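With chain A's structure known, arrange chain B on it following the hints.
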Amino acid sequence: MRVAFGGTVQGGPVVDLGGSDVAPEQVVGALRDPADDRVRCPEPGTAHRHVGCITPDTALQRRAALAAVARSRGETAPQDEALDAVRDELAALSVDDTDLTAARERVAETAEDLERLRERVATLRGRGQARREAGLDPGDAEDALADAARDLSEAATAHAAAEQALDSARDRAGAAYDARERRLRLQDRRDNLRRAARDHLAAAVEPAVGDALADLPVAADDPADASAPAVAIAAARVAALDAPVVLAWRPFGPAEAAEWLDTPVIGL
Amino acid sequence: MLLVVTYSRAARTTLRNVCRTHEETVVRRFGRAALFEDTAYGAFLALRLREKHPDDVQIERTAPLNEFADVPADVREAAVAYEDRDAASVPYPKFSAGTDHPDPDDLRAREL
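Chains A and B, in that order, give the protein sequences.
Just so you know, we're using the numbering used here here: the first sequence kicks off at 1 and counts up by one.
Just so you know, we're using the numbering used here here: the second sequence kicks off at 1 and counts up by one.
Just chain A, with the same shape it has in the complex (with noise of 0.2 Å):
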C-alpha cells in the first residue's frame, strides 16, 4: 500500500500517522474512494465496511459484522439460495400507479352538476306552471326549462361516463394493489431470510472471534462483555481483508498489530 497523508508518503504493509492530526475518518475515507489517490491498496470489502476502520468509539453491528466476516472467508448461508429467488423476483415485479384521485374528482364534480341542473329544472318547472295557472302567458319560462332539461340531460351522461371510468380504474388499480402486495410480502420475505443468513453467517465465525478476542492483550474476562473496538479487531483478525484496517486503537502498536492481524495496517 501506499499513504500519501500528513505531508508524508508512507508504504509497505505498516503505516504509521501516529502523532499527526490526520483523523482516522480522513483516511478511511481515502481508502475506500477508488478516486482518492491518498490512499492506494487493494479495493475493500463488505467486511472492510464493518471492522476495516477501529478506533476507541466504534460503534459495532456486531452481528451483521460477524456475517460480513464470514462472507469475506467464504462462508455461505443455507438461506443464500432462497435469498437470491426473492431477490430476482423482487426484481422482475413491476408495479402500477394507483392514484384515482382525477378519476373521484370527476365523480364528485359531475355530481355537483347533475343535483344542481335538477333543482334548476324543479324550479323552472314550478315557475311555468305557476304562471299557465295564473293564466298568464309563461313567455321564457318554457325555453329556459328546455334549455336546462338539455343541459341536465347531458350533465347525467358525464355523470354515469365518470362513474364508468373510476370503475374500471378501480379494477386496474386493484390489480396493481395485488402486484404492490406481492412486493411487500416478498420484502418481508427477503428480509427474514437475510436475518436468518446473517444469524447463521455470524454463528460460525463466533468461536474464531472468540479466541482471537482471548488472545488479545486487553481481552475481558467474557467474550460477551467484550468492547466494542476489541470485538471489531478480533473479527478483523479473523476476517479475509484485502485493504489495510485503520487502527486508531492501540492494545498495540501498528507494527504488532499488523502481525496479530496477519493484514497491512495504518496506525493512527
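Everything labelled a hint here was simulated from the structure, so no lab data went into it.
A hint or two may mislead.
Once the Cα atoms are required to be at most 25 Å apart in a straight line, the calculated SDA-like pairs of lysine to any residue come out as [as the list claims (entries may be wrong)]:
(1) B:K52 with B:T62
(2) B:K52 with B:R20
(3) B:K52 with A:L90
(4) B:K52 with A:A103
(5) B:K52 with A:G174
(6) B:K52 with A:D171
(7) B:K52 with A:C41
(8) B:K52 with A:D99
(9) B:K52 with A:S20
(10) B:K52 with A:P42
(11) B:K52 with A:Y177
(12) B:K52 with A:P78
(13) B:K52 with A:T46
(14) B:K52 with B:E37
Non-contacting residues of chain B with respect to chain A, defined by C-beta distances greater than 10 Å in every case (computed) [stated by the list, open to error]:
(15) R20
(16) A87
(17) P93
(18) K94
(19) P104
Nothing here was measured: the structure is a model prediction, and the numbers come from that model.
Don't be surprised by glycine CBs; every beta carbon is placed ideally from N, CA and C.
Using the frame of chain A, we list chain B on its own:
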C-alpha cells in the same frame, strides 16, 4: 368507517405510528390495515397517509352490516341451515340442490 390499507413498508410504518398516536380515532388495527372512525378527523388522518404515500394507501368507506335490514331472508336462512348441516363434507352447491335454498350462482348474481 374508513378502511385504510397500506401496500409498502414505508406506508405500513406510517400507519403504525398514526395508530399509536391517535388511538381514539382508530377503531381497529390489523397488521398493515386499520379502521378509522367515520369522522372528519378519521378522514384527515387517512388523507394525510395517502398524501404521504400516494400509490401505497387504499382508503375505502365501510359500513356495519345489519343482516336483518340488508340481507334477504332466504340468504340468512341458507347460511344458518348450511352451517347446521349433518355432513360437514357436503359442499354448498350440493347442499342447496333440490331445496328452497338459493344456489350459489343465484347468490352471486344478486346485489345486496
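Compute the least Cβ-Cβ separation between R20 of chain B and chain A, then decide whether it is above 10 Å. holds, 20 Å
Keeping to a limit of 25 Å between CA atoms, is the pair of K52 of chain B and P78 of chain A held or broken? Not OK: K52 of chain B and P78 of chain A at ~38 Å, beyond 25 Å, violated.
Just want to verify: A87 of chain B was marked as not at the interface with chain A; is every Cβ pair farther apart than 10 Å? holds, 36 Å
So P93 of chain B supposedly isn't at the interface. Is its beta-carbon more than 10 Å from every beta-carbon in chain A? Per Cβ check, P93 of chain B is outside 10 Å of chain A; nearest 27 Å; holds.
Taking 25 Å as the top limit, are the C-alpha atoms of K52 of chain B and G174 of chain A close enough? The hint holds at about 20 Å.
Interface-negative label, P104 of chain B against chain A, beta-carbon threshold 10 Å: At roughly 23 Å from the nearest Cβ of chain A, P104 of chain B sits farther out than 10 Å, so the non-interface label holds.
Given hint S20 of chain A paired with K52 of chain B - CA-CA distance at most 25 Å: violated, 49 Å
Sort out whether C41 of chain A lies within 25 Å of K52 of chain B, counting only the CA atoms. It is violated: about 45 Å lies between the C-alpha atoms, which goes past 25 Å.
Can you confirm whether the C-alpha distance between K52 of chain B and T46 of chain A stays at or below 25 Å? violated, 34 Å
Holds or violated: K52 of chain B with D99 of chain A, Cα cutoff 25 Å? holds, 12 Å
Given the proposed pairing of K52 of chain B with P42 of chain A, does the C-alpha separation stay at or below 25 Å? Since the Cα atoms of K52 of chain B and P42 of chain A sit roughly 44 Å apart, the hinted pair is violated (cutoff 25 Å).
Hint check: K52 of chain B vs E37 of chain B, CA-CA at most 25 Å. Holds or violated? holds, 20 Å
Comparing the model with each earlier hint shows violations of hints 7, 9, 10, 12, 13; every other hint is respected.
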